[in-house]
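Trainee: Chains as they are written, first to last, in the numbering used here: chain G, 6 to 121; chain X, 38 to 148.
Just so you know, not all the hints are guaranteed correct.
[To be verified] One side only, chain G facing chain X, incomplete, derived with CB under 7 Å:
| no. | residue |
| --- | --- |
| 1 | P13 |
| 2 | G47 |
| 3 | G68 |
| 4 | Y69 |
[Claimed, not checked] Some residues of chain G that are not near chain X, with every Cβ distance over 10 Å (derived):
| no. | residue |
| --- | --- |
| 5 | T18 |
| 6 | H46 |
| 7 | L48 |
| 8 | L50 |
| 9 | V57 |
| 10 | S70 |
| 11 | R73 |
| 12 | Q90 |
| 13 | S99 |
| 14 | T109 |
No lab work stands behind these hints: they were computed from the structure.
Don't be surprised by glycine CBs; every beta carbon is placed ideally from N, CA and C.
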Amino acid sequence: DAGITQSPRHKVTETGTPVTLRCHQTENHRYMYWYRQDPGHGLRLIHYSYGVKDTDKGEVSDGYSVSRSKTEDFLLTLESATSSQTSVYFCAISESFQLARTDTQYFGPGTRLTVL
Amino acid sequence: QKEVEQNSGPLSVPEGAIASLNCTYSDRGSQSFFWYRQYSGKSPELIMFIYSNGDKEDGRFTAQLNKASQYVSLLIRDSQPSDSATYLCAVKGEYGNKLVFGAGTILRVKS
């Protein structure tokens, strides 16, 4: 398994509270990604990072922010959690050599977040 | 129209049979195609990728790509109950490193 950990693995919180999820990698990969997975929607990209302090939005970024101060850590923050953000959140990493068609993403174990 | 479409299933096959999982995509500039397997409650794990038209075989798995028809498939030969999982198709566009995922197909292999 790729060296990716996520914390916490499970969290229950209340609407309106801030929540931060952490992804940590030991592979020194350049790219890191945050996805959410919901029934019927598959995996949807929230934000991604292509280097320290370099981030960009994915398709479902509203209500989320990210930060990457070190190569190994990528944080996802829900500033004010809502029930619609109840989901399973996956972090992924990739080496991302330029023009590498075969560059693949490897996933962390996931965080199950419930917003009441 | 979704960018990557998969039949949600469940697809049920008997043990030992060939399971055929299909995926269509809308972006004609897509370059690379990935199949992930996801067991219930677990994270997706990469099975294989393909980027050239034709077939690519890896053990019991064969990926087939037809860019003209914008179609990619995964064949699992000699299906086993342990193959029961959700199979996710993912597509990488011409630029950048983002993957677009289909919603997945549930496969059930019955012993």
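Trainee: Against the earlier hints, flag every one the structure doesn't satisfy and list their numbers going up.
Mentor: Numbers 1, 3, 4, 6, 7, 8, 13 and 14 - these are the hints that the structure violates, sorted from lowest upward.
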